[in-house]
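Asker: For the record, the sequence lines run as chains A and B. 1 is the number of the first residue of the first sequence in this note's numbering; add one for each residue after it. 1 is the number of the first residue of the second sequence in this note's numbering; add one for each residue after it.
These are calculated hints, taken from the structure and not from any lab test. We put the beta carbon where it would ideally sit given N, CA and C, even for glycine. Each hint should be verified, as a subset may be incorrect.
[What the hints assert, rightly or not] A few chain A residues that face chain B, going by a derived Cβ cut-off under 7 Å, partial list only: (1) 72; (2) 134; (3) 136; (4) 137; (5) 141; (6) 453; (7) 466.
[To be verified] Label pairs and their computed distance ranges (CB to CB): (8) A/457 with B/405: 32 to 42 Å; (9) A/459 with B/220: 26 to 36 Å; (10) A/346 with B/238: 52 to 62 Å.
Number of protein chains: 2
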Amino acid sequence: MPDRSRAVSASDSYDVVVLGAGPVGQTVAGRSRAHGLSVALVERELVGGECSYWGCIPSKAMLRPVIAVSDARRVDGAREAVTGPVDAGAVFRRRDRYVTGWDDSGQADGLAGMGIDVIRGHGRIEGARRVVVATADDEQRVLTARHAVVVCTGSTAALPDLPGIAEAHAWTNRAATDSSDVPRRLAIVGDGGVAVEMATAWQGLGSSVTLLSRLHALLPRMEAFVGEMVADGLKEAGVDVRSGVSVVELHRPGGTGPVTLVLDDRSEVTADEVLFAVGREPLTGDIGLDTVGLAPGSWLDVDDSCQVRGVDDGWLYAAGDVNHRALLTHQGKYQARMIGNLIGARAAGQPVDTSPWGAHVATADIDAVPQVFFCDPEAASVGLTTDQAQRAGHRVRAVDVDLERVPGALLYADGYRGRARIVVDLDHEYLLGATFVGPGMAELLHSATVAVAGRVPIDRLWHVVPCFPTISEVWLRLLEAYRG
Amino acid sequence: MPDRSRAVSASDSYDVVVLGAGPVGQTVAGRSRAHGLSVALVERELVGGECSYWGCIPSKAMLRPVIAVSDARRVDGAREAVTGPVDAGAVFRRRDRYVTGWDDSGQADGLAGMGIDVIRGHGRIEGARRVVVATADDEQRVLTARHAVVVCTGSTAALPDLPGIAEAHAWTNRAATDSSDVPRRLAIVGDGGVAVEMATAWQGLGSSVTLLSRLHALLPRMEAFVGEMVADGLKEAGVDVRSGVSVVELHRPGGTGPVTLVLDDRSEVTADEVLFAVGREPLTGDIGLDTVGLAPGSWLDVDDSCQVRGVDDGWLYAAGDVNHRALLTHQGKYQARMIGNLIGARAAGQPVDTSPWGAHVATADIDAVPQVFFCDPEAASVGLTTDQAQRAGHRVRAVDVDLERVPGALLYADGYRGRARIVVDLDHEYLLGATFVGPGMAELLHSATVAVAGRVPIDRLWHVVPCFPTISEVWLRLLEAYRG
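Chain A extracted, bound-state conformation (with noise of 0.2 Å):
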């Protein structure tokens, strides 16, 4: 049995040191915990993370007033009692109040509750199960791990490498979602879901937005028909979708005033603020990551367990962002709960079960990862597009539906329009991935993720009745269709 009493002490020696308190930290020590090891959580910044302060809380708190004042317009009945504008001024008290203030003090006794240690510093990998914590009172604490580290240090936004760039003082996801003024003029630089989110939020609350994408469609990542959706549901909410223009330099004098973005085509784009939203980067330039034979700076390659590679005996584990396998909170605190019964179990000599889809693998990273944006129209998506299941050698057929055929659709908005994709894998006869764009997603692909990760069989999915008239009725046109 492993020594509860040591949880609570201010010992050196833990079972589990993790790396970062957002999300995913917190979960693999929450994980830890319940299976009676001693955690040290380290935190140089917020605990709570990237997610809790500048993602996923805050973008969503800004959104979601946007996404229901819209949804009530489409409703003839519910459009006569909307009259004003969404009232940006609320909208922040209201994320302000999701992100409590940028206080942490609440996450941190809730961890501290738990018998978990946070640590707050800037904690440094010093050799096998070694970590050192400079502490924010400038005293160094020397931390060691019986069983596991866990890197769970995120990512941050990464800014091109451009002429003024450095003066423009450019918006990242932290501005973007922090900020509590509505430039009249907001440039997007990026294609994915930051961008699509973000031109979302703030031309709801009144900036006029400008999103310039690189690439010549939206949210790459997702089917096709996606992107081209959610660009369309863009310009109708008045903003200016440019695509297959790339930054060139940017010129704003003096770091004040507007700023002009220059395009490759010459042409000039003049906004109030601009904000890149063109990918991430790993946090682990200063984790000491040299000192067991890692490149500082680098993405962490784990095997499906999340075990470190290249790092022997086992005691390196990375979650979360920083690992790359499915940058999501979601699907980091997937692996996080995996790695937590992990460790848990082979600290007890229990058996461990890292077969696909078992106790202690992270199966679901490869084969049944979702995402959604909350973009107006929302995208979800779960698994495999058409084309990653042809590339990853699978025999498959993908069918569409437009959800305008479903009545339920039709109910929940006038003139609905979005659409639905199953990819079956033709010699297993189940779905490898699932798409859906179009008002009132969100929740519906859950269903999708329960088909998709547990493999439920075409045959059965015909006894899985949808309630009439939910969207969900999607999935008879989507059997249908598929059964020809």
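Since the structure of chain A is provided, determine the placement of chain B on it from the hints.
Answerer: Just chain B, lined up with the frame of chain A:
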């Protein structure tokens, strides 16, 4: 091979004769046609049935604007944009559009385009495999069915035999969904889905609704907490919810002016209209059941393939409300798909599979019936309640989660209140049932339906990752609560 040419002729001999052209009858007809069979579809009223014109479609058309406005009002920043009431006139026009002005020619044309003979008139069975239709122009058409007669005549609202009921001109679901005047005061008698949905709709459209429930709980077929939360929601919307009361007589002298309801506690309720939503009766009183040894006016007792018991040679089927398995459009359509495939397979001499979850059996009727009530909060469930599971002899554990614990729920609606329950079969470690109540639950339910009907093991559900921050993350809390 069946003779396809027969299907589009006016022959009186068909492979399949279907009584009732609601969604269920249409689906039987469509599936039978897809198998190459000739089909006559007999309808005495509107092609599309109760659901299209006085049920799901108009009710949801009226409810959605009310819910969309409520949803927006629950979100800071959106609330400020909603200054007016729901526009009842616009809602009625919306409803009229979705019921196509009670004109069924579009649906009839669609069926004709599939090669189905729609025969308008009152059909009566006259001995084995024979149906006589009294047509609109007072002619008689004798139809014979080579393979099957399928009864899909549905149900109608039951009215209690109370003093004064006739002159009260009580509303049933029909007037409640086709009226275009908002009664100043509306009394609703009932405690099920129609009662709570119509209370939600009409209160939202401007009526002062009094809901009179005989029981002490609303929605008695769902877990008890659902009715409690729905009652709370109705009260907050302004509905006067009175439980544990029965109407003993009604007074509406001359059949005009206000109607007074006398309750069993001798108190009185005066309203401008009264809606009775106290149950359904099968529409089997005048379809010739006596000619084949069955009791007119009875629900039709069927096996899991929807063949009517007590009739020789297996030519008589019944699907939808009329067989009383599950009085829900979607469940009737499910039965219809199975029946259509069964009749098609038998006609072609192909093997049939009527084992549980086979291709020709309505297993989900017993184990995995989903239901959504579009009230506010929305109420959704699938499979067995805790009580039902225990009474069926399962060894179960039910776990609950308050939705306030789910970040995605709070982000969806400020001050979110709701609850979820799963009922786990302890011997098999899969779900027997799930229940959700709260705003925005309607589409989330289908994830549970996949899990219940798919018998996805709890161990695998841990790999079914819900997106952060969706409400679907309640699944994590439920699994954690089950693990304990």
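Asker: Each hint should be assessed against the structure and marked as holding or not.
Answerer: Hint by hint, here is what the structure shows:
no.	hint	in the structure
1	72	holds (4 Å)
2	134	violated (31 Å)
3	136	violated (28 Å)
4	137	violated (32 Å)
5	141	violated (31 Å)
6	453	holds (4 Å)
7	466	holds (6 Å)
8	A/457 with B/405: 32 to 42 Å	holds (34 Å)
9	A/459 with B/220: 26 to 36 Å	holds (34 Å)
10	A/346 with B/238: 52 to 62 Å	holds (58 Å)
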